[in-house]
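Enquirer: What follows is each chain in one-letter form.
Number of protein chains: 2
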Amino acid sequence: MITEQFGLGVVSSYIEFLNNGNFEGIASLYSKNAIIEDPIGSDKIIGRTAIQDFYRQAVLGVHQVNQLGEVRVASNEIAFPFEVVLAKDPNLAISVIDIFKINAEGEIDSMRAFWGPGNVKSVSKPAPITA
Amino acid sequence: MITEQFGLGVVSSYIEFLNNGNFEGIASLYSKNAIIEDPIGSDKIIGRTAIQDFYRQAVLGVHQVNQLGEVRVASNEIAFPFEVVLAKDPNLAISVIDIFKINAEGEIDSMRAFWGPGNVKSVSKPAPITA
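Going line by line, the protein sequences match chains A and B.
With numbering that gives the first Met the number 0, the residue at position 30 of the first sequence is 29, and numbering never jumps.
With numbering that gives the first Met the number 0, the residue at position 106 of the second sequence is 105, and numbering never jumps.
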């Protein structure tokens, strides 16, 4: 069971590290034998070394990460919606929901990323400012 | 593995049935031995009869349900953010993320609802219209 404050902090660090390309920081949030499934249905990535390798590549694909709504903290799990604006085309973004399961040491024990082809879309432009 | 279109349809039916108080309709989306955990960490509700009883009560607490962002469909799972405006106080809403796991028959085999006390908030009022 984690507090809401703790959950918000984990998500805040995760997004900050993604935006800074800090793959070692991200890996340090995970437990030694943590499991990643990104997206759901793909091969699982297991253990902190493999996880660091995964994020070393992943951060190269990130132009910017933006939270898209409230972080939900329940028992020892966290769910939150966000978008990844792509480095290869900053006009495209993937809308994702991540689920973290937190262990007794406060580390992420598993991460499951929900997104599919239908969640890759053009970034909505802000409306032009009119006088 | 489900299609995006199928996933969008399940979520659309689920929200429509919640808004109409149609607890029998909701229960019919679930498999015979489906499991509900709402919120994460609470006792599990197992089987379609118990699930119908759960929603018979739940719909009484619903003033309105609004989708809050994109539905994410991945492999045989669905994640989506929404809010439940409360019947007992329509100025309050709970922001939830639900995860559905779909079986080979296209039924919901499990539902896990992510929300905590920090997700119960005043409904944001639309800005007043000015000339």
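Worth flagging that the hints you see were computed from the coordinates, not collected in a lab.
Hints are not guaranteed to be accurate.
Since the list can't tell identical chains apart, any single copy or any two copies may satisfy a pair.
[As the list claims (entries may be wrong)] Taking lysine-lysine pairs in the DSS-like style, the calculated list, with each CA pair at most 30 Å apart, reads:
1. K87 with K43
2. K31 with K120
3. K120 with K100
4. K120 with K87
5. K31 with K100
Enquirer: Go through the numbered hints given earlier and state which of them the structure violates, listing their numbers in rising order.
Expert: As far as the earlier hints go, only 2 is violated by this structure.
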